[in-house]
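A.B. asks: Letter by letter, the chains look like this.
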Amino acid sequence: MTSLTNTRGPRRDFLPSSSKLRAISWRAVSVILTLAGLLALTFFMGRLLPDDPVLAVTGYEVDEATYQKVFKELGLDRPVWEQFMSYMGGVLQGDLGRSLTTGQPVVQDLMRAFPATLELALVAALIGSLLGIPLGIAAAVNRGSWIDHLARVIGLAGYSIPIFWLGLMGLFVFYAKLNWIGASGRVDIFYEGMTPTITGMMLVDTAIAGDWTVFKSALRHILMPAAVLGYYSTAYISRMTRSFMLEQLSQEYIIAARAKGLSRRSVIWRHAFKNIRVQLLTVIALVFGGLLDGTVLIETVFGWPGVGQYLTRGLQFNDINVVMSTVLMIGVLFLAVNTASDFLYRRLDPRTR
Amino acid sequence: MTHPTIVSHTRPLPRWRRWLETDTPESVRHAAFQESWTKVQHFRSQTLGMIGFWLLMALLFVVIAAPLLATHDPNVQDLSQRLMPPSSENWFGTDHLGRDVYSRVIYGARTTLRIAVLVAVIVAPIGLIIGATAGYLGGIADEVLMRITDIFLAFPGLILALGFAAALGPGINNAIIAIALTAWPPIARLARAEALTIRQSDYIAAVRLQGETSFRIITRQVIPICLPSVTVRVTLNMAGVILTAAGLGFLGLGAQPPHAEWGAMVAVGRQFMFDFPWVVSAPGIAIAVISLAFNLFGDALRDTLDPRIA
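If you read the protein sequences in the order shown, they are chains A and B.
Counting along the first sequence from 1, when you hit position 201 you're at 201 in our numbering, and nothing is skipped either side.
Counting along the second sequence from 1, when you hit position 8 you're at 1008 in our numbering, and nothing is skipped either side.
Okay, chain A solo, but in the shape it has when bound (with noise of 0.2 Å):
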């Protein structure tokens, strides 16, 4: 194997071995099965809906003939199989069908509402793990000590707490009684439109465009749904430190770095936490499995025009395409994360080779 050479010279393992190849094809192979598979599940909970998608179309008081007519349209009259196939060809062309609500095809709206969700996501995660790592660190290395306590709380908050309901909560504070942070949506209402879009993300157009009082508005209302986001993110990501840690320090090289007189930060930071790096970078994609859970809801709380308020009003007005292309494309999402993960993971972390 690969171990005994030296890492810093040039690498020999330039081209995958055979073994490498057959378990990346492997690899890309299951990818596409489960990918093939949401589709299917999507597909047929669609089917699984009491109401009639042709009178979601025509509206309740619809003639025989324009109901025939909208049942062929809809490839009703077509076996199941040939429904599946054609749903999923339209879906690799980039065709999820048209909202019922907005009148525009799903993929246009999805891509209209995605970096609003990024941006919050992105946020969310960096103050979970600028929060969530050093916890976790201090709290493996004072074990019992009232930092250990404090991540544990922290944690057990985070599992229990709604997080919806923590969100109403910093509303009814920080807005209704403090008045430190907007309202709802992205930025104040007179300021809407103002930044030419670029990225989508408002703090990034905004400074790009150098607009300083639209980013001020801007971060205000970012501020506290990242913030709650970014609370159970912390909870998780600073549990999990705190074990990987734990599992570093009781490792024999750490006790003969010590030995070798290392300050502690040495040992805690050049030692220890290197070896973890990796392993966090897995448990941060994990956590943007949380975060697109947490979305739906958080939107939902602080008007966020995201993909989550776009899924919660497709299910308050029974626009099953939004719902089903919604919950595909955060499965996708999901599971690209967590594939890119997984191959950084192989790919950085040299135990794995």
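Derived from the structure by calculation, the hints contain no laboratory data.
One thing to keep in mind: the hints can contain errors.
Cβ-to-Cβ under 8 Å is the rule here; a few derived chain B residues that face chain A [stated by the list, open to error]: (1) LEU1083; (2) MET1084; (3) LEU1158; (4) ILE1159; (5) PHE1164; (6) ALA1167; (7) VAL1266; (8) VAL1268.
Quick list of the computed label-pair ranges, beta carbon to beta carbon [what the hints assert, rightly or not]: (9) A/THR199 to B/SER1214: 52 to 58 Å; (10) B/ARG1216 to A/ARG265: 55 to 61 Å; (11) A/ILE32 to B/LEU1048: 42 to 48 Å; (12) B/PHE1274 to A/LEU130: 28 to 34 Å; (13) A/GLU192 to B/LEU1048: 45 to 51 Å; (14) A/PHE114 to B/GLN1041: 52 to 58 Å; (15) A/THR282 to B/THR1047: 30 to 36 Å; (16) A/LEU21 to B/GLN1271: 57 to 63 Å; (17) B/ILE1285 to A/GLY144: 27 to 33 Å; (18) A/LEU76 to B/PHE1061: 49 to 55 Å.
By construction, the Cβ of each residue, glycine as well, lies at the ideal position given by its N, Cα and C atoms.
Let chain A serve as the given structure and place chain B on it in line with the hints.
C.D. replies: Same frame as chain A, but now just chain B:
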């Protein structure tokens, strides 16, 4: 932990304690009882776990005695008394239809416990059977079953439950089915991992040599071994189940009005929240306390029953 028999007592122990703690068990059953007793003792030594346990007992009591504990009918509206602050008459105030928030929180406990129990009852057997079968049989069966499990795991939990609930239509039973459909994969994964470790063991080989069928080996040998860790996992996941149920209720996909459900109560109270915060605070705290109880209880149960996955 000090062993109970070493502790000297001023008074002699009651007979049943002596029977449970003797150093010389008389039969296999006696020894089994003793082992369970040690576990009970171990659990009781965990303060947080005991807090969780008593909170859950309190929940059970509230669920059973709801008609006695409630001061009002949870569904009776009195518009002249709408949005009243907490008082000696309405302990947690009244909501926008003049209903007593305290009584609705009490009755809401029934909805929550019903969801939690039914989801556990559906999920544990499904996860056990799929996981144990996949792990024990291996090969193609394993591959197919785990691929299906992966598909369900590829969605964040609430999103998938939301999709199912939307497809099935609103209502508490549909919410239970939707949550159950999303909650089984981690259980199956766990059961599979357990089954994988024991399928190579000698005693399974011995049973197989005696001519036992795979079906009987799975049901008689593999599933019982998986049971403790699956029980722990189901308990630990209950907090998540309750939060998902509350989320669905908040989005209008759970129990339908006028049925009292904590998540739905928060959703309805939302628009009055700034001026009348009690309509959302009480149900939210109730959700948090119960999922906290499940978390504490589950953690302690894990330390007691299955130190391996700690």
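A.B. asks: For a quick check of understanding: which of the numbered hints are violated here, in increasing order?
C.D. replies: Hints 1, 2 and 8 are the ones this structure does not satisfy, whereas the remaining hints hold.
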